[in-house]
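Peer 1: In case you want the letters, here they are:
Number of protein chains: 2
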Amino acid sequence: VTTARGHRPPQGEPVLDRAFALLRAFTAERPELNLTELGRRSSLPLSTARRMAARLVELGALERTPKGRYVVGVALWEIASLAPRSLGLRAAALPFMEDLYEVTHQHVLLAVRDGGEAILVERISGHGAVEILYRVGGRVPLTKTGVGLVLLAHAEPDVQQRALSEAAGTAAGQAALRRTLAGVRRDGMAIFRSGDPWQVVSVAAPVRDADGTVAAALSIVIPDGQANPRHLVTAVRAAARGISRRPTVG
Amino acid sequence: VTTARGHRPPQGEPVLDRAFALLRAFTAERPELNLTELGRRSSLPLSTARRMAARLVELGALERTPKGRYVVGVALWEIASLAPRSLGLRAAALPFMEDLYEVTHQHVLLAVRDGGEAILVERISGHGAVEILYRVGGRVPLTKTGVGLVLLAHAEPDVQQRALSEAAGTAAGQAALRRTLAGVRRDGMAIFRSGDPWQVVSVAAPVRDADGTVAAALSIVIPDGQANPRHLVTAVRAAARGISRRPTVG
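In order, the protein sequence lines correspond to chains A and B.
In short: position in the first sequence from 1, add 864, done, that's the working numbering.
In short: position in the second sequence from 1, add 864, done, that's the working numbering.
These aren't lab readings, by the way, just hints derived from the structure by calculation.
All C-beta atoms in this analysis are idealised placements derived from N, C-alpha and C, irrespective of residue type, glycine included.
Just so you know, nobody snuck in bad clues.
Result set (EDC-like, lysine to aspartate or glutamate): computed pairs, CA atoms no more than 20 Å apart in a straight line:
hint, chain 1, residue 1, chain 2, residue 2
1, B, K931, A, D1073
2, B, K931, A, E1020
3, A, K1008, A, E1020
4, B, K931, B, E901
5, A, K931, B, D1075
6, A, K931, B, D1073
One-sided excerpt, in silico: chain B residues whose CB lies under 7 Å from chain A:
hint, residue
7, A883
8, F884
9, L887
10, L923
11, G937
12, E942
13, A944
14, S945
15, L946
16, R949
17, S950
18, I983
Computed footprint of chain B on chain A, listed as stretches where at least three residues anywhere in the stretch have a Cβ under 8 Å from a Cβ of chain B:
hint, region
19, 889-900
20, 922-928
21, 934-940
22, 944-951
23, 956-966
Could you build all of it, start to finish, from the sequences and the hints given here?
Peer 2: Take a look at the structure:
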């Protein structure tokens, strides 16, 4: 799990490593675990898992359900809400996202990059919006989403190179992706069509911090064929610029 | 800080205690700290703070800014987003909150109780909304907000008794608050006027889990005197019931 999330397992502080192994045992598919599952998924002996889980409950990082199962605690979320790249950014972005949402009543997404993936920081969706896979707090691929392409186009060369080799096996494929990224930088926006099975198109633009560095990406996702995505470009770029001017970004 | 957040400092796992002391050093007012500040605010020796902070950076729980200061990491937020009482609840609530937002373009709040306080899980606010203090991830008092009164009215007797003695010194004050809470339970909603300096009024209703237990509270907050809050009661109660029917709640 740790490698999938792009963080090296550190050496020499076993208690902390175990605590995070326990916390990382929870996933969107399995947000509620009993002690046996916790032990298995974190690769910890049952007695260690029990003791660590009890400590984490005392610290508010875990909570127990009425049935005695474990879930991630709202007090951990309270601390995590102070991450500038999650809720701080989101607070700056939300009024602009609301405006975009009212134009389409589909999806409006906000994402930041973490290593070779993007994390979805916010998503506003209507009742009747087309179904998409991505949830807030979840990871999205850099080369298969509009927000991802924007973040990748402005990433360090080594991140781009790794993404290019993973996403496109052939030299021709890599060259095509390189041209796409150059286009995203030149135009200040990305248009990405998902193809099957979702058949959605996203229009994405970069959000910059005070130094002009790309800190996040904003997008509208609509059903493909419903509206001309080019007509949404100005609205998305204007909203992304509006967010960039807010002092809380970066 | 730990006592203010309602969690006892646990005994016997000093590394974990120190790690959480470090994480709790960050606040909404000070989301970015240098090493000296980290040490002072977590009451740890500088060398310990440096070593722990480095580990937490490796684990993704902290990040370093280009200037070398520390912030809470988006990877911690990624784990915390799995807390059922934060983003799980929020995912169920958001479409209904959007609908309420479009009625007023003011504030729509969603909160859960943690000990003797409430934590704001979600807030939707327009550009032109009246200014209110509360931020997502922050704490709000049980006796001085609409969502807080709803949560308090359905809390265990000992939580109610503690809140009553803290909020209302005199026996007459306590009796008045008791009557208010009984009214909230009877009517299935709370109307709360903030008075100075905000002059807002909130209309709140309970969100229940599958067992009928009150899991959260939903509210609309509008400027006092702008609209009759009674006219919003049906909309808020209907939205709260809609959220309660979603399988992800509780």
